[in-house]
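Chemist: Chain by chain, the residues run as shown.
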Amino acid sequence: MNTSQELPLKVEGLVKSYGAVKAVQDVSFEVLPGEVYGLLGPNGAGKTSIISTIVTLERPTAGGVRIFGHDVCKHPTKAKSLVGWVPQEVINHGFFDVDEILDFHAGYFGKTLSLTEKDLLLERLDLKRHREKKVKQLSGGMKRRLMIAKALCHQPRLLLLDEPTAGVDIDLRRSLWDFVKELKAQGVAILLTTHYLEEAEELCDRVGFISHGKILKMGPTREIVQNLTKKTIHLFLNDGKNVTLSVPMSQGVFEAVKEAGIDALSIADIKITEGDLEDAFRYVMREERP
Amino acid sequence: MNFKPFKSLLRREVHRFLKVAVQTVVTPLINSSLYLLIFGISLGKSIHVEGGGSYLAFLIPGLVMMACLNNSFQNSSSSIVGSKFGGDLEDFKAAPLTPQNLIWAYSLGALFRGLIVGLLTFAVGQIFFCVSEGQLLPIHNVFVLFLFLVIGSFSFAQLGICVAFWAKSFDQLSAVSGFILLPLIYLGGVFYSIGNLHPFWQAVSRANPLLYLINGVREGILGHSDVDLGVAFAVAFMGFLVTYGFAYYSLKRGSYLRW
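Going line by line, the protein sequences match chains A and B.
Per the working numbering, numbering through the first sequence is continuous, rising by one, with the last residue being 295.
Per the working numbering, numbering through the second sequence is continuous, rising by one, with the last residue being 301.
Hint data in this document are derived by calculation from the structure and do not stem from the laboratory.
Note that the Cβ used here is the ideal one computed from N, Cα and C, for glycine as well.
Please note: incorrect hints may appear among the correct ones.
What the simulated footprint calls covered on chain A by chain B, stretch by stretch (three residues with Cβ under 8 Å from a Cβ of chain B suffice, anywhere in the stretch; the number is not a length) [to be verified]:
#: 1; region: 75-87
#: 2; region: 232-245
Pairs of lysine-lysine residues, derived as DSS-like cross-links and limited to a Cα-Cα distance of at most 27 Å, are as follows [to be verified]:
#: 3; chain 1: A; residue 1: Lys123; chain 2: B; residue 2: Lys46
#: 4; chain 1: A; residue 1: Lys138; chain 2: B; residue 2: Lys61
#: 5; chain 1: A; residue 1: Lys27; chain 2: B; residue 2: Lys294
#: 6; chain 1: B; residue 1: Lys49; chain 2: A; residue 2: Lys133
If we strip away everything but chain B, and leave its shape as in the complex, we get:
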């Protein structure tokens, strides 16, 4: 089996976002830093956390996962939409690249960007935490942390592939990102514990798959979260399989013609 086509596309994907690192890495990092400063440091002191502990420590895992998911989605979707606009997507279709090659190259490219921004967000969070608490925030379980970051990033990269193939304009792409994904991320427990909500809203929150991804990362860093780890993994893995199926269908049946 020749892996060269896949490796070339992966290399292109990584080069692509690194060439505009200010836009793809620095800007999201500044956003995350502002959240940490405003919510974690300024407002955090007056926010009560279910089960005790500092609000900043609670916030950091949520922001790490939010940065990772957002950037993974943005990477694959904007790359494909850009390629539709420029015409490269026709090149990919005319080349002997299989849908599997495309899925994994786009997903791994997105994972690299998601992990870079997520881990940089974690590093900035550590600086804030060190200044605020006088010590670094320990990682409870590195394996669990990376497991959820990787599954979440792949799922969002695959979702980005589906949306980019479905979208007929940049507006439609931003609409999905702004009106569906961002609210789901915000309502998935990035900024609050669902333990503080009314039971009705707790039940509603549990229907949001992002709650399990975000709390998986929280479990990895803090060692406790709003959901059971096994359930969180099962939901995250199901999400991965479903988005993979849709991404495969999009690449197999979708149009590669330029806009």
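Extracted from the complex, chain A is given alone in its bound form:
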């Protein structure tokens, strides 16, 4: 088996059309073992269509998806057994309680969840006290955590998180971030879609910016921020004047000050604002506009 076959996720030339509408246009990317890859884009960019194709909810119009080397169209059962999926919208599950939902879900993946495994999972996601509740009796945050517990109950090596923190409070968001970092440390490959660019910057090793079904920019998060954003240097001078310099992220402060012809001794105070992923995202989206 060569390296490309062992990749947790490989999306190659994926096209998904709904009639005349092209939701995904020739998208290619891969997720490496133990990597968090962020797919970022506005609403309707095609993120969920890509994830739906990976979990076979949608059939690709062209191109393909491989999970650990298994083509999702040719060998769907094998491919899907290796993936955990947290959908964007909460699933209701009607009459069943949390315990039953996890038992059934693990069973669909051919696994019997032992009581210890289930307890650990429920404890980690702070759901142990709610194990006898039905989905409609859970709060919004608990529902989200249940979706994550379900996705993890068969211990997948690839996890698809489709806007997992949409609509959850800051504390829960932070605790989910910690959880994602734990999974990453355990070697789980993660594909994350999110609207929160702060979240992507915190969690993702690499990101892809997507708009109108096309990936516009892709690369290591740090590199993208470094290359596409600027550093803003606010200089407060001794004579009461303020000067603002906008320089590339790679440029040093003293070099920038020197280039601007400002005497270092005339500076009373300096405030530096570094560019972030949101700035890079805005830049790429602006560039894309006709």
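The hints should help you fit chain B onto chain A, whose structure is shown.
Modeler: Using the frame of chain A, we list chain B on its own:
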């Protein structure tokens, strides 16, 4: 081969209808009991049965099969439509469950419900028959009885899968059940023998596949019916194969996306 995914879905299907047993078992049983009371006991005395015998004895097999078919259809179709509404169906698609796993889990879940309601209807019918005739209604051939109950239940469960995948709303589902299936069941000889009909209507009735399923069960319980047993089995088996094909196609090509 790992049967765990199939067994888990089957367990879910059975748990699902047992959790709302009042709605899925008790209510249909009350309906069947009312039919037995009104048609079998009250009106039955004045109804002539072709070839003699009591009308209640004639009615019981028809009601058993009607209960079994209706509940099998309702079980698979309402489970899938409920899952479309709640989103579980997306879960099933994203899991390594094959169309075969889904067909058999839904069909066996439906069979359990169909058999429970059908056999309870038979038990209630026996009570009415015992009160009315002073003895229990003997079963002529248990194998034939169960053969037709199982084939009929599977076929209707598979039909439920097709309709649920085709339907875009609860209204469409009820329309198929109320405007197509129920009339076919009623006109399939549940309440009357086609021997009492005009030859033209007899010929029309013979085009209704449900006539053969219902009369198969009647043959199993009473030992005689309106149709030849071999023909009844052939039609029932063909029905099973056709509905299986459509159900497989629905699960393979249909949309699992939530409403």
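Chemist: Of the hints given before, which are not true for this structure?
Modeler: Per hint list: single violation, 2.
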